[in-house]
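Novice: Sequence:
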Amino acid sequence: MADRTYGTSQLTYGGDAETPLLRVLQNTLNTANNNLADAALDNVLTIDAGMLVMLAGMSVVTAEGATQTFDLGDGDDADFYLAEVDGNATAGTVYMGLTLGIPAMKMYSAADTLDVTAHGAAGVGVYKVRAAVATLFP
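Taking numbering that gives the first Met the number 0, the leading residue of the sequence shown gets 0, the next gets one more, and so forth.
Keep in mind that a hint or two might mislead.
Stated by the list, open to error - Using 20 Å as the maximum straight-line C-alpha spacing, the simulated EDC-like pairs for lysine to aspartate or glutamate come out as follows:
#1 Lys105 with Asp75
#2 Lys105 with Asp47
#3 Lys127 with Asp70
#4 Lys127 with Asp73
#5 Lys105 with Asp37
#6 Lys105 with Asp70
#7 Lys105 with Asp85
#8 Lys105 with Asp73
#9 Lys105 with Asp78
#10 Lys127 with Glu83
#11 Lys127 with Asp78
Stated by the list, open to error - Okay, the calculated beta carbon distance ranges per label pair:
#12 Ala65 with Leu21: 33 to 39 Å
#13 Asp37 with Ile101: 27 to 33 Å
#14 Thr66 with Ile101: 26 to 32 Å
#15 Thr45 with Glu83: 21 to 27 Å
#16 Leu51 with Asp78: 18 to 24 Å
Simulated from the structure, these hints should not be mistaken for lab results.
Glycine included, every Cβ here is placed at the ideal spot set by N, Cα and C.
With the hints as extra help, turn the sequences into a complete structure.
Specialist: Structure representation (structure tokens):
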């Protein structure tokens with residue numbers, strides 16, 4: 000599992016402090032501190048049962064420095080949100096899970112994780128992974 004910095008930004012619209020209705024989950028995937036082998040999968044965000052992922056994506060903080068692509072998905076579909084995005088793109092590049100301009104949304108009836116899968120070994124890059132979620136049925 001890659002070295003990660005955990006963080007959650009929360010919008011408490013409705014709900015309560017323990018279970019806010021709207022949240023932005025965020026995690027840093029740092030392959031410089033813990034390399035990912037080719038085809039390695041890292042669970043980067045925890046999705047609770049009853050959550051709706053409204054939008055998910057990742058951004059480049061530090062480019063890999065070589066050819067590198069990633070998928071962002073879950074336990075059912077490894078590239079549901081993003082497929083083979085460029086991990087060697089310029090710092091600040093943002094990739095969002097969109098299909099024809101519409102966010103790829105998914106309702107989770109059971110707990111799952113959002114996972115990043117490496118295509119090629121990764122050992123230099125740093126990436127932010129974020130998901131806007133709504134807790135509809137806690």
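Novice: Are there hints from earlier that the structure breaks, and if so, what are their numbers?
Specialist: Violated: hints 5, 7.
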